[in-house]
Amino acid sequence: MQDRRSIYDTRGIDELRRELRFEPGLLRRLRIAYFKKSLGTEAALAELPAGVRDAFAERVEFHPFVLHKRCDSQLDGATKLIFRTAAGMLIESVILRAGTGRVALCVSSQVGCAAACDFCATGKMGMAHSLSAAEILDQVVQANELLRGEGRAVRNVVFMGMGEPLHNEDAVGRAIETLCDPSLFHHPPSRVLVSTVGVADRMVAFAERFPGVNLALSLHSVRQGTREQIIPLAKRYPLPMLRETLAEVQRIQTRQLMLEYLMLAGVNDSLEEATELLKWLDGLDVHINLIPFNPVEDAPHLTGSDRETRERFAAVLKSAGVPTTIRYSMGADIEAACGQLVRTENHAVAAALARARC
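Mind the numbering: the sequence shown is residues -2 to 355 in our numbering, read in order.
Wrong hints could be hidden among the right ones.
[As the list claims (entries may be wrong)] Calculated pairs, DSS-like style, for lysine-lysine (alpha carbon to alpha carbon, straight line, at most 30 Å):
no.	residue 1	residue 2
1	K276	K232
2	K315	K276
3	K33	K66
4	K66	K34
The set of hints was computed from the structure by calculation and includes no laboratory data.
Treat the numbers as computed from the prediction; the structure is a model and nothing was measured.
Go ahead and model the full structure; you've got the sequences and the hints to work with.
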């Protein structure tokens, strides 16, 4: 049997069309049905003549992932989708339905994460492997197929799920190119956001490649020792380097930068640190998101700042004219932010794979 081609492989699918000898217009209709209208595989294939439909379906991989489990929050508009990879590992995406009616999809770029941030359950599992561009995009397709039944669609795609996106830069880049391709998803680059813990040497290259895509930095502290304590990667990318990087990214993209600041009680939430943050930001045009901490089983030493502390911290920033938002977590009852279920199950799968190799 011949190797199957990914539906996201534009060149490979075009070659297959020529091999099967059907009109380019029919392939365009299939792509519109699949990528833009989210009608599903069967409806997309129905756009092809009966004589080539089966041959095309046998040669094309539409879904590299199988939906393993769906978890719907009983508190808000969050849905966690847990997908199983071909190797049996699990990853998750989170659909976030805001009160405004807009829908964001938080996608994963890796199984696990090498950044090993102290506050993150995904980081606690270590690094398994990076996802392919097709696997990243399949999260968008399957989410949109689910949302179509609600009369909704993904408006914003945010790379804030499992993994450090800039540690999988090639696949993430190809996924974004496909996502923004007018002949495929035609998703506006301004509605794509890539969040990084600060891989400084790749941030500038990414901004140059995708000037219209938003970059966000998970900053969390402007004290080097504190940042190293919660983000081990900070030793490689110290704060002075990050500050220069942000200035260069802003020169390239010429718009406001997003900074994420996780509020941890007694770690980074003092008024003195708010003042230090203002000094560090001087000259940058930024929007700061103050993020509540979601408890992680493997980090019992960390506690989230209370609401009053977050509001005082925000007041210092706002009084200096820095746009600041106090965020709230969606899907707390389904662990949508930290991926503990996936992390636990992946340990078992990884162990089984290791035994098989022996």
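Which numbered hints fail:
none
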